[in-house]
Amino acid sequence: MISSVLFIILSAVIILTAMLSLYFRDLLASIVSYAVMSLVLTVVYFHLDAPDVAIAEAGIGAALTISIFVLTIKLTRRREE
Amino acid sequence: MKLASFLSLVLITGFLFVAINKLHPVGAPLGNPDVLKDRSSAATDIINVNTMDDYYLRNSQTETGSNNVVSSIVFDYRGFDTLGEATVLFLVVTSISMLLSLLYKREDVDDYEFRKPNEFPGDVSRIISYGSYLLYPLIITFGVYLVIHGHLSPGGGFQGGAVMASGTALLLVSALITRHVHRTRRIFSFFESLGLTIFISMGFAGIGTTFLYNFLANGSLTLFGRAIPFGPNPGFLNSGGVLPVLSFAIGVEVFFGLSIILVTLFHVARHRKDME
Numbered sequence: 001m002i003s004s005v006l007f008i009i010l011s012a013v014i015i016l017t018a019m020l021s022l023y024f025r026d027l028l029a030s031i032v033s034y035a036v037m038s039l040v041l042t043v044v045y046f047h048l049d050a051p052d053v054a055i056a057e058a059g060i061g062a063a064l065t066i067s068i069f070v071l072t073i074k075l076t077r078r079r080e081e
Numbered sequence: 082m083k084l085a086s087f088l089s090l091v092l093i094t095g096f097l098f099v100a101i102n103k104l105h106p107v108g109a110p111l112g113n114p115d116v117l118k119d120r121s122s123a124a125t126d127i128i129n130v131n132t133m134d135d136y137y138l139r140n141s142q143t144e145t146g147s148n149n150v151v152s153s154i155v156f157d158y159r160g161f162d163t164l165g166e167a168t169v170l171f172l173v174v175t176s177i178s179m180l181l182s183l184l185y186k187r188e189d190v191d192d193y194e195f196r197k198p199n200e201f202p203g204d205v206s207r208i209i210s211y212g213s214y215l216l217y218p219l220i221i222t223f224g225v226y227l228v229i230h231g232h233l234s235p236g237g238g239f240q241g242g243a244v245m246a247s248g249t250a251l252l253l254v255s256a257l258i259t260r261h262v263h264r265t266r267r268i269f270s271f272f273e274s275l276g277l278t279i280f281i282s283m284g285f286a287g288i289g290t291t292f293l294y295n296f297l298a299n300g301s302l303t304l305f306g307r308a309i310p311f312g313p314n315p316g317f318l319n320s321g322g323v324l325p326v327l328s329f330a331i332g333v334e335v336f337f338g339l340s341i342i343l344v345t346l347f348h349v350a351r352h353r354k355d356m357e
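Line order of the protein sequences matches chains A and B.
First residue of the first sequence? That's 1 in the working numbering, and the numbers climb one at a time after it.
First residue of the second sequence? That's 82 in the working numbering, and the numbers climb one at a time after it.
Watch out, some of these pointers could steer you wrong.
[As the list claims (entries may be wrong)] Calculated from the model, a selection of chain B residues having no Cβ within reach of chain A, i.e. all distances over 10 Å:
#1 V99
#2 A100
#3 V116
#4 D119
#5 T125
#6 N129
#7 Y136
#8 R159
#9 G165
#10 Y214
#11 F271
#12 T290
#13 P315
[Claimed, not checked] Listed next, the in silico EDC-like pairs over lysine to aspartate or glutamate satisfying Cα-Cα at most 20 Å (straight line):
#14 A/K74 x A/D26
#15 B/K103 x A/D49
#16 A/K74 x B/E357
#17 B/K118 x B/D134
#18 B/K103 x B/D134
#19 A/K74 x B/D355
It should be emphasised that the hints constitute simulated quantities derived from the structure, not laboratory data.
Quick caveat, the model's predicted, so the values are computed rather than measured.
Ideal Cβ positions, reconstructed from N, Cα and C, are used throughout, including at glycine.
So that you can see chain B by itself, here it is in the shape it has in the complex (with noise of 0.2 Å):
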């Protein structure tokens, strides 16, 4: 056994440092050098590409309106796996859920209290508590920012979510919030019900030519219809035709699905140990 263990790990590692001579130059196109010279007309761009990201890198800003080149093929060129992702996330926070809801019963639960921070919660220190008080908004707003952006900037609907949920793990675990476990996983359970149908129908919404098809790109101005040049630019917050949307839709599921692992989670590790 253990000598499987090490044949394995140097087989591992011999592996690794032959793959990394292999590797290209980061951040180096792979494909034509010449593909992010600028480009005259709107239309699809197929003769200065060799390879497929070089056609991301050429297209998709016009094609999607959106700067994120890897926002514009999560949600758009690849946006069904991220359909498939979603639904991966939403079936397995309902049977966590489903799972850990069996371990307690409903009435030892409900009457926990909610607790301040000066109020000096039991096995919580004040510094905890103040530092969470301070930091959750901090938290909340980046993610925020992520979800809004994720369009514009590196993020996206995923980690902006992710970011949110750990800030509702830091709240937890220094246990600020204790109480209606029930109430709050009906109202986080609907929210996240919420982001996923979202999706879903935006990607209906687009059946007139293919399913999530990128329909409000380059129309209305209010409608996240702005065009973009090609190149480095800033951006405009209105670009990107149903990216926004769908990056909306999966931070809101995202964000409320953790939050329902952790709550769960949570309320049955705090009642255990009242048991005892």
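Only chain A is shown next, with the shape it has when bound in the complex (with noise of 0.2 Å):
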């Protein structure tokens, strides 16, 4: 029963932070919004019975593309026009 609360809860969290990531303006913050979002999903793969995808979500997801994402940033502009 608690574990099927937190897993909704924690489902709400990853859709409101996708849309957050798609609603900024601000390309640093959509980039930190989707990162929280792979953090939820990792957990929710773990609980899922996934630990593989979980840790590949991770190691992807949240850091890999996260400092691809940030370094582009440095290169090109920080605010979507």
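Each chain sits in its own coordinate frame; assemble them with the hints.
Given below as structure tokens:
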């Protein structure tokens, strides 16, 4: 019971952060929101008995993609038109 | 346009809610409920098998000597797919690094200084530089653990390599490595190619039966050939046949490949910033 309530809360946080990362005009804030989404998604994958996918999501989604995006923002503009 | 996006949102949400009712319970075997019961001989069992899942659950431990069924599928039964993924990653790294190297001149980036954490590198605070120096060994250790135990515990070459590459990203974002981009890229690309070469040569080594055949499993004890019993057990490092070797090869390739992308991108960004 507790775990299903937790699961619903985590899913809501995923949807919220995914929408926020589309909503923000400041791209750095958008990326941070995306990182939060990936972290929560890691917890959800672990909850669904998929630790392989959880590790891959934590390594790639929450760390590598974020740093590549941050470096790309350094090369381009920070604010969306 | 807004109506179309709203309609697609409703459609996808409705589809997901319909699909969620069709899921079977997490962790339950899909086909035969007897698939996890003890087996008597080491021969391949197709009697107690109804679906593909059953076959893997029932036979992967005795056939490949790997406790991690996912790893045994990724590196053994579907090893050719993994070779395709590794090749795709190799091509991506090659093309990105070639494109980015057009953006700077060689003599402009070769003379940055290496910064120690107590030298207070410009725009990075002391907390970040010390913190990343403390975290970096832990991240690398965890990644190496994932690669080495790829056939025993969750994880494997790809996950371990990605975790180690996130350590590189940590060092770069906290601006601790800033020197010798060309030498770094040469070394890294050598090791990346080495990983892919090990993978392909292990594939050709088993060509007496088929490409990527697990010819080391259940063989010599020194060459990862230890046989493991069916069912839950702690596992042994020297089991798994060619799986640990392939996992190591993929780990090396993913780590150095993703690190090349990060290092090159970082140096281009650094160069642009210094030009302004």
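For each hint, the structure was consulted:
With 10 Å as the threshold on Cβ separation, the claim that B/V99 sits away from chain A holds: the shortest Cβ distance comes to roughly 17 Å. Residue placement check: B/A100 keeps its beta carbon more than 10 Å from all beta carbons of chain A (closest about 15 Å). Every beta carbon of chain A lies more than 10 Å from that of B/V116, the smallest distance being close to 17 Å; the non-interface claim holds. At roughly 23 Å from the closest C-beta of chain A, the C-beta of B/D119 stays outside 10 Å, upholding its exclusion from the interface.
With a least CB separation of 25 Å from chain A, B/T125 remains clear of the 10 Å interface cut-off, as annotated. Once the 10 Å rule is applied to beta carbons, B/N129 is consistent with being away from chain A; the minimum gap is 23 Å. With 10 Å as the threshold on Cβ separation, the claim that B/Y136 sits away from chain A holds: the shortest Cβ distance comes to roughly 20 Å. With a minimum CB-CB distance of about 14 Å to chain A, B/R159 clears the 10 Å threshold, and the non-interface call stands.
Look at B/G165: its CB is around 17 Å from the nearest CB on chain A, clear of 10 Å, so calling it non-interface holds up. B/Y214, annotated as away from the interface, keeps every beta carbon of chain A farther than 10 Å; the closest lies near 17 Å. With 10 Å as the threshold on Cβ separation, the claim that B/F271 sits away from chain A holds: the shortest Cβ distance comes to roughly 21 Å. The non-interface label for B/T290 is consistent with chain A: the shortest C-beta to C-beta separation is roughly 28 Å, beyond 10 Å.
Look at B/P315: its CB is around 17 Å from the nearest CB on chain A, clear of 10 Å, so calling it non-interface holds up. The straight-line distance between the Cα atoms of A/K74 and A/D26 is roughly 13 Å, inside the 20 Å bound, and the hint therefore holds. For the proposed pair B/K103 and A/D49, the alpha carbon gap of about 18 Å is at most 20 Å, so the pair holds. For the hint pairing A/K74 with B/E357, the CA-to-CA distance comes to about 12 Å; that is within 20 Å, so the pair holds.
Among the hinted pairs, B/K118 with B/D134 is consistent with the structure: their alpha-carbon atoms are about 15 Å apart, no more than 20 Å. Distance restraint check for B/K103 and B/D134: the Cα-Cα separation of roughly 17 Å lies within the 20 Å cut-off, and the hinted pair is therefore satisfied. Between the alpha carbons of A/K74 and B/D355 the distance comes to roughly 12 Å, so the proposed pair stays at or under 20 Å and holds.
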